[in-house]
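Student: Heads up: the protein sequence lines correspond to chains D and X, in order. What the first sequence shows, in the numbering used here, is residues 1 to 477, in sequence order. What the second sequence shows, in the numbering used here, is residues 1 to 484, in sequence order.
A couple of the hints might just be wrong.
Claimed, not checked - Computed list of lysine-lysine pairs in DSS-like fashion (alpha-carbon distance at most 25 Å, straight line): (1) X/342 to D/129; (2) D/73 to X/377; (3) D/72 to X/377; (4) X/374 to D/73; (5) D/73 to X/233.
No lab work stands behind these hints, which were simulated from the structure alone. Keep in mind the model is a prediction, meaning the values are calculated, not measured.
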Amino acid sequence: MDWDIVIGIETHVQLKTQTKIFSGASTSFGNEANSQACLVSLAYPGVLPVLNHEAVNCAIKFGLAVDAKINKKSIFARKNYFYPDLPKGYQISQFELPIVGEGKLSIPLNDGYKDIRILRAHLEEDAGKSSHGILQGKSGIDLNRAGTPLLEIVTEPDMSSAAEAVAYAKKLHDLVQWIGICDGNMQEGNFRCDVNVSVKKKGSTTLGTRREIKNLNSFKFIKQAIDFEVNWQIETIEDGGEIQQSTILFNPDNGETKAMRSKEEANDYRYFPDPDLLPLVVSEDHIHNIKQSLPELPGEMQKRFEIDLGLSEYDASELTNNKDVADYFMNLIKRGVSAKLSANWILVNLFSRLNDADISINESPIGFDQLADLIKKIEDQTISNNAAKKIFDALWDSPAGTVDSLIDELGLKQISNDSEIEGLIDKVLNDNGAMIEEYKSGKDKAFNALVGQVMKASRGKANPSQVNEMLKKKLSN
Amino acid sequence: MLNLSLKQLSQQLREKAFSSEELTRFFLDRIRKYNDSLNAFITIDEDTSIAMAKQADLKIASGNQGTFTGIPIAQKDIFCADGWKTTCGSKMLENFVAPYNATVVQNFNDAGAINLGKTNMDEFAMGSSNETSYFGAVKNPWNLEYVPGGSSGGSASAVAARLAPAATGTDTGGSIRQPASLCGFTGLKPTYGLVSRYGMIAFASSLDQAGPMAPSAEDCAMMLNVMASHDIKDSTSLPHPKEDYLASLDNSIKGLRIGMPKEFFGEGLDSEVQKIIEGAINEYKKMGAEIVEISLPNSELAIPVYYVIAPAEASSNLSRYDGVRYGYRTKEYDDLMDMYFKTRQEGFGDEVKRRILIGTYVLSAGYYDAYYLKAQKIRQLISNDFSQAFQKCDVIMGPSAPSAAFKSGEKKEDPLAMYLQDIYTISTNLAGLPAMSIPAGFTKGLPVGLQLIGNHFSEGHLLNIAHQFQLISDWHRKTPKEID
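Please build the complete structure, drawing on both the sequences and the hints.
Tutor: Structure below.
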């Protein structure tokens, strides 16, 4: 039997603010346990939450970036449950009225694009961390993270494969960094996905029962967890079993998912509006001001690259996935080199080296100044494309070198002087009478062989298009 | 020193008739003498109080004093005071020492007041007789067999017995006004949001409001000048411009329109109390006020609505007392759940548990709409009743409580009878309105209070109306015979 896979994702994005969402405590990562736990973080008797408006601005930025409705009035609610790392016994979140309403995010797929509908995005505070096994027979609580601002972004169940889910997560990860609301550091838990997975018979309009895989913090895990979960659900149903709605955890060590709690055991969170916080009201003016402050968004930039710079849709899209890549590209073309060549060099040569080295474009040993110099030498025909690749490789290994010095050092200067090339052609024609005959009798292959001979005679330095042109002229005489 | 008003104390301190240290020792001596029988204070810290008084005396000597410099004030034990044990009347916080000042406490410190001690109260402010305190019941100084009212019963007993010139209180459903009525002095619950809730241990956040408790309206005005402040640490604190509540006390009340809600004079009201209230309103008539009959048709729903909303908020507010970070933790437990259960079972008293249970129930999936949401809708209707009433009158008057003080133990085992104590006070908390109780007479040797309810931010006017009554009456100057 064939099955449809249905996936929806809830992502917890840690917002890049100096202080916590409801107190003045610092949000920086990796400090001594509880050194950032102020009285509000500790939920001391009598303390009250005060909203950090920076977090609100981040949420509005996100809403604008996914073309969503910004709710002028939203409500903070309490989500009640007991856990040692939840100091108040409730989490302040948004429930019925979130700040960001319906929007959409376009994700690139192999065969085009797909819009993933965003259902909502709401502000909430993070919990602290419990650690077990540090002290014998006891658990430790670190409340440094308690109260860190999060934006929880919820999609409709619009994804139908692990690949789409990963494409969405990557696109979202790129976007939140692009608009500067999140550091995107997945190891530090800046960006965590809860993935809801269900399967249904192919073409059926009834959704299956879903299970929610909690807290996935890498794209690899998202893929592994979905693959495992989908197989498990299909096998379970095909074996006559039934899926129970439940919350599950993914174990990266064995690549398996395992139920944490079922719906019956689920908490009744007793949501109600937090009486300590007034409804959050944002004005049209404020939204407008934030819109003005937003950088050019990836979608807009992609369109501009296609229309103004004549790039292909693919190239424009690839260049605008990530803000650092887009910045690198824009810096390149600011130095007066061709957009198409620049796109090509980034997406093919630079990306391949970056991938191999597993580093980001910001860590590239070859800066945009050097790459611009290199591309200029191709454009003015000082070097051939092949020679440029050699120089690129040499630069990658010793970035202190300059393009000019490497051209000299490696003797890669292209021969574009007509008389010099003519000399080479004459010599080759003198030595290869038989080939000339072959060419004249209609064998095109012979022409390529002659070009090859000329290139060889120039030790690869002759300008190939010039050789082509002049050789053709000579032979037609 | 015993019966001087706050204004007189301020003046005589400035004139060096006595020092702050002498004044503070005078009240500390009274507390030492009478607290055993009244149980009005949970914590006294003579050294700290005296040290504060000495500081105040230095300020006075250098001529740098403010209106409150050197005046001792008792603080309800619901307010966090840096370095002071702050118990909220609960075993849960029996040994909790606050590491910071509530804004109310800070405001008094800044004004130079002396913290005289922390007063007893119903546990987490849940009660109307001060019998739910883990630290024992408080006695009414007018008759030690009677309750002082609650939840601010310790402050009430202390003010009535002149163990303190004045005290702070909090009022979630009547906890300032009902004890003020039962103990015979003046108490004011301000407009919700006028006084910061920061550092005031939460019971029901949307209803809690701190206010002054003192013999006279003038005293309360002087205290409110210190207590009212816009506070960025409390998001529900309102940016109301600073007022001088003393400035309007002497305004004429000729032509004042007094609304008498018929719902406040029906079944359940003690007939003696009714006579006293009507008599007091008649005094206002003589002063040139006009009486308007009004209706607050949804009044009878106030108690049921309150006992949905207040417990709902309380059930969540009290979740933080889990034995993990501070406060009481059970001695022996098997695992986390066991620790939670035993800590909360042993740390909270019956009334608190009852309200946590009610609150948890009304917020539960499947019941939320029927209880919590419906209660919020009715709360709005109750508020609308007042808005309509205030189109016809300037102030609403009626009883503060349905009867004078009752005997200790009389209603302790009957929560519903106890809840009815707040029948006339609760609706103003639901509407966020300011209201006062002022002494209006006695029945069988026990005081009776007249309640004044005003529109939002009309504290100045309310105090003015109360003060005018106190110029022609001396009920607020009476002191109980059992004490002195």
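Student: Going back to the hint list, which numbers does this structure go against?
Tutor: none
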